[in-house]
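Spelled out, the chains give:
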Amino acid sequence: MSYFRGTAQLIRLAVRRDRFVLPTWIVLLGSVTCFYYVQFVQLYPSAAEREALVVATKANPAWVALAGPLTSSETGALAVWKNSVSVLVLALAAILTVIRHGRADEEFGRRELLESTPIGRLAHPTASIAVGVTASIATGLVDAVTLIAVGAPINGSVLAGAALALVGVVFALVAAAVGEVTQSARTARLVAGGVLAAAFLLRAAGDTGAASGRGWLSWLSPLGWANAVDAFGVNKWWVLLLSIGLAVLLTVTALWLDLARDIGSGLLQPRAGRATAARSLRSPLALAWRMQRVSLFAWTALFVLMGYIVGSSAKSLASMLESSPQFKDLLVRLGGTGAVTDIYDSAVIGVLGLAAAGYAVQAILRLHAEEEAGRAEPILATAVSRSRWALSHVVIAFGGAALLLLAYGVAAGWSQNLETRTRWHSLTSLVGASLAQLPAVWLLAAIGLVLFGFVPKWSMGAWAIYAVVFIVGVIVPTAWPHSRVVELSPFWHIPKLPAAPMVWTPLIWLAALAVGATLLSLFGLQRRDMR
Amino acid sequence: MTLAIDVRQARKSFGATQALAGLDLSVNTGEVHGFLGPNGAGKSTTLRVLLGLLTLDSGSAILLDGDPWRDAVALHRRLAYVPGDVTLWPNLTGGEVIDLLGRMRGGLDAKRRAELLELFDLDPKKKTRTYSKGNRQKVALVAALASNVELLLLDEPTAGLDPLMEETFRTVIVEERSRGRTVLLSSHILGEVEALCDRVSIIREGVLVESGSLAELRHLSLTHVRADLAAAPQGLEQVQGLTNLVVTGSHVSVDARAESMAELLRVLSGAGVRTIECRPPTLEELFLQHYDTTTLRDSGLMDS
Numbered sequence: 001m002s003y004f005r006g007t008a009q010l011i012r013l014a015v016r017r018d019r020f021v022l023p024t025w026i027v028l029l030g031s032v033t034c035f036y037y038v039q040f041v042q043l044y045p046s047a048a049e050r051e052a053l054v055v056a057t058k059a060n061p062a063w064v065a066l067a068g069p070l071t072s073s074e075t076g077a078l079a080v081w082k083n084s085v086s087v088l089v090l091a092l093a094a095i096l097t098v099i100r101h102g103r104a105d106e107e108f109g110r111r112e113l114l115e116s117t118p119i120g121r122l123a124h125p126t127a128s129i130a131v132g133v134t135a136s137i138a139t140g141l142v143d144a145v146t147l148i149a150v151g152a153p154i155n156g157s158v159l160a161g162a163a164l165a166l167v168g169v170v171f172a173l174v175a176a177a178v179g180e181v182t183q184s185a186r187t188a189r190l191v192a193g194g195v196l197a198a199a200f201l202l203r204a205a206g207d208t209g210a211a212s213g214r215g216w217l218s219w220l221s222p223l224g225w226a227n228a229v230d231a232f233g234v235n236k237w238w239v240l241l242l243s244i245g246l247a248v249l250l251t252v253t254a255l256w257l258d259l260a261r262d263i264g265s266g267l268l269q270p271r272a273g274r275a276t277a278a279r280s281l282r283s284p285l286a287l288a289w290r291m292q293r294v295s296l297f298a299w300t301a302l303f304v305l306m307g308y309i310v311g312s313s314a315k316s317l318a319s320m321l322e323s324s325p326q327f328k329d330l331l332v333r334l335g336g337t338g339a340v341t342d343i344y345d346s347a348v349i350g351v352l353g354l355a356a357a358g359y360a361v362q363a364i365l366r367l368h369a370e371e372e373a374g375r376a377e378p379i380l381a382t383a384v385s386r387s388r389w390a391l392s393h394v395v396i397a398f399g400g401a402a403l404l405l406l407a408y409g410v411a412a413g414w415s416q417n418l419e420t421r422t423r424w425h426s427l428t429s430l431v432g433a434s435l436a437q438l439p440a441v442w443l444l445a446a447i448g449l450v451l452f453g454f455v456p457k458w459s460m461g462a463w464a465i466y467a468v469v470f471i472v473g474v475i476v477p478t479a480w481p482h483s484r485v486v487e488l489s490p491f492w493h494i495p496k497l498p499a500a501p502m503v504w505t506p507l508i509w510l511a512a513l514a515v516g517a518t519l520l521s522l523f524g525l526q527r528r529d530m531r
Numbered sequence: 001m002t003l004a005i006d007v008r009q010a011r012k013s014f015g016a017t018q019a020l021a022g023l024d025l026s027v028n029t030g031e032v033h034g035f036l037g038p039n040g041a042g043k044s045t046t047l048r049v050l051l052g053l054l055t056l057d058s059g060s061a062i063l064l065d066g067d068p069w070r071d072a073v074a075l076h077r078r079l080a081y082v083p084g085d086v087t088l089w090p091n092l093t094g095g096e097v098i099d100l101l102g103r104m105r106g107g108l109d110a111k112r113r114a115e116l117l118e119l120f121d122l123d124p125k126k127k128t129r130t131y132s133k134g135n136r137q138k139v140a141l142v143a144a145l146a147s148n149v150e151l152l153l154l155d156e157p158t159a160g161l162d163p164l165m166e167e168t169f170r171t172v173i174v175e176e177r178s179r180g181r182t183v184l185l186s187s188h189i190l191g192e193v194e195a196l197c198d199r200v201s202i203i204r205e206g207v208l209v210e211s212g213s214l215a216e217l218r219h220l221s222l223t224h225v226r227a228d229l230a231a232a233p234q235g236l237e238q239v240q241g242l243t244n245l246v247v248t249g250s251h252v253s254v255d256a257r258a259e260s261m262a263e264l265l266r267v268l269s270g271a272g273v274r275t276i277e278c279r280p281p282t283l284e285e286l287f288l289q290h291y292d293t294t295t296l297r298d299s300g301l302m303d304s
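Protein chains in written order, with our numbering: chain A, 1 to 531; chain B, 1 to 304.
Where hints are given, some of them may not hold.
[Stated by the list, open to error] From the structure, some residues in chain A lie toward chain B, with a derived Cβ separation under 8 Å:
1. 184
2. 264
3. 273
4. 291
5. 377
6. 378
7. 380
It is worth saying that the hints were derived from the structure and are not from the lab.
The C-beta atom is built at its ideal place from N, Cα and C for all residues, glycine as well.
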């Protein structure tokens with residue numbers, strides 16, 4: 001086994017490097033389903049209510065596209081169905097982990113250093129695969145164990161955990177294979193992410209087109225297989241064999257490609273680019289845009305998709321709400337009182353505001369990443385002031401968040417198509433409601449900026465603050481409806497449009513705070529040492 | 001003669017480590033100034049202070065008659081900097097980075113840019129992530145040298161270049177000097193310093209230990225003397241400023257400071273000189289003397 005000599009040490013190295021991140025996503029992604037399980041037990045206690053929900057989801061193509069068909073009215077099946085987003089996140093986490101320890105290691109020359117020690121020729125790719133695969137399996141294990149712990153049937157729990165784990169495993173191996181082909185980690189991430197998107201679209205197209213004979217498309221997608229096991233329903237164990245077979249095939253392919261190529265290269269050679277910069281590439285803002293635009297385009301596509309899904313499901317909402325007074329109660333806590341669709345809209349927009357804040361925080365933290373990588377220095381050594389450099393990313397973060405919320409509002413309003421409202425009315429009210437989130441989004445990003453400006457090593461603390469706001473905004477109102485803790489979140493102060501009337505005062509306050517925090521951060525940045 | 005750079009009693013600490021411990025550095029306008037010192041001596045910290053990226057805890061720094069901290073933007077129009085460890089934006093090409101940095105600095109000489117790309121044999125169409133360390137350094141060098149600036153701050157600019165490119169670099173720096181530009185060149189490559197620099201400053205542990213032209217530095221350092229004498233020398237122990245003294249019968253080998261030479265020769269000739277060999281230190285020895293703490297203390301060039 002000289003090909004694999006040293007694999008165990010490399011795995012230990014990878015686990016050491018990811019000792020916080022890996023356990024975090026294993027536990028978080030593994031325990032989501034059991035939360036949904038508990039929620040569904042409370043919201044839909046009777047079989048009749050659950051049956052009504054199944055009927056309601058079938059009538060809604062947007063939900064079928066997003067999460068697949070709901071074939072069983074078992075509580076466990078509902079929880080698994082609702083968990084569809086975590087499945088995608090797990091696939092993404094597996095992709096990022098394998099590329100981080102595979103192609104990225106190679107791109108930055110760490111693999112070369114490792115290969116110079118007496119490790120086997122396949123130890124490096126094997127270790128990166130093993131980390132991604134094992135973490136995925138661990139996630140599935142947590143999923144199964146927590147489901148059993150909250151009282152779900154054992155058979156279904158184990159099958160649901162296995163199906164979840166195998167999605168992670170398959171995409172970990174997709175990333176491994178892609179990482180053998182491309183030369184840069186960035187391209188590998190884009191391509192593997194594209195494969196995931198394609199798998200999603202295939203499944204969505206198959207599931208929504210099942211009636212018109214397109215159902216077979218879902219069977220081309222590993223995400224489709226994860227649904228097809230029908231955990232808690234029929235429990236089709238044999239479907240797991242498809243994923244296992246594909247996993248073996250991908251492993252062999254990745255390792256074979258690794259043996260067939262030189263270390264440091266990929267199968268694809270990079271293309272030549274421009275010899276001179278475009279006329280417009282002449283400022284820190286142009287550079288920040290160039291660096292962040294792909295990410296912003298991807299986020300915008302996501303928000304448009306969400307807008308379309310939420311907007312087009314408004315119609316079937318009423319029937320669904322009638323099936324569960326508890327669910328309506330939950331919506332009221334998140335979205336306030338008013339007409340049913342308005343409550344729903346404002347509840348969803350509150351969550352999207354948080355998502356946009358996530359975008360803004362990561363866009364702002366690019367400043368920190370740039371400084372850490374030593375790329376701030378060459379810019380600041382030119383005739384660019386620190387403020388101008390920082391503001392370039394602020395423009396992208398603040399403007400990008402505005403674009404995302406606008407995109408959501410337009411997509412949701414356009415696709416809403418209700419008898420009770422004109423399309424124009426839907427459009428204006430949802431765009432307004434969506435954009436009203438902006439001051440809170442900006443404030444969160446600006447708080448990250450203050451950390452960066454004064455105590456750069458704590459910049460990542462912006463994520464801790466974000467997590468607190470997220471918990472306060474999403475978890476607390478569902479668990480403790482009357483707690484005043486929720487007022488800590490800037491989002492709580494935003495009027496719950498379109499369900500509640502518009503109030504300008506809190507928006508002006510929040511915007512003023514965001515601007516004030518931004519100015520404060522520039523003051524701090526001008527006074528501190530740069531790395 | 002005006003000073004392009006004037007640093008006085010500069011102190012800077014990072015937590016417990018003191019990077020600059022009262023550093024003095026002066027660079028005349030129009031000269032190529034070598035900036036030498038062992039790893040961790042504070043060279044990069046000094047350059048980053050001059051760029052206004054770091055504040056001084058105490059002391060002063062004047063750059064092109066301005067305050068590098070307060071007047072950073074205005075001063076940066078007049079200088080170009082090549083970092084020791086060049087990191088670039090991976091998805092931009094080398095050509096794009098050169099143009100971007102040049103434009104942000106306030107303009108780039110397109111003809112000079114093309115010449116330099118040719119001279120350094122750099123392909124500007126490649127994404128910077130595919131460049132080797134040497135090629136990344138070339139990108140920074142071309143961006144700096146193609147700008148119309150008065151002052152070049154270069155932090156070990158040839159550390160990743162091959163000998164051929166190093167030669168090219170020397171040619172280019174000589175051209176820059178003839179155009180009247182001031183260059184502060186931090187380097188470990190002594191041949192490069194000897195070939196290019198009008199004056200050098202040697203720093204160690206955050207203080208200046210020596211500054212001057214190479215001839216002056218040689219004068220200040222130890223000369224190796226070997227002599228075969230007619231008889232055993234008398235009174236060598238009383239001569240001040242000798243190190244590594246070895247007397248084997250009538251054979252003497254010793255390192256002497258310039259001011260001790262007259263006294264040493266007097267004692268030696270008193271014993272009857274048969275052959276004598278005086279060798280000024282090679283550049284390597286000169287720097288090793290300054291880099292190595294123990295030699296420095298033994299020779300009395302540094303207070304202990």
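Each hint tested on the structure:
Among the interface hints, the one on residue 184 (chain A) holds; its C-beta lies about 6 Å from the nearest C-beta in chain B, closer than the 8 Å criterion. With a least beta-carbon distance of about 10 Å to chain B, the hint placing residue 264 (chain A) at the interface is violated under the 8 Å criterion. For residue 273 (chain A), the interface hint holds, the least distance from its beta-carbon to any beta-carbon of chain B being 4 Å, beneath 8 Å. At its closest, the beta carbon of residue 291 (chain A) sits 6 Å from a beta carbon of chain B; the interface hint therefore holds under the 8 Å criterion.
Interface restraint check: residue 377 (chain A) against chain B, minimum CB-CB distance 6 Å, threshold 8 Å, status holds. With its C-beta approaching chain B no nearer than about 6 Å, residue 378 (chain A) sits inside the 8 Å limit, and its interface hint holds. For residue 380 (chain A), the shortest C-beta to C-beta distance to chain B is roughly 6 Å, which falls under 8 Å, so the interface hint holds.
Checked against the numbered hints given earlier, the structure breaks only hint 2 and satisfies all the rest.
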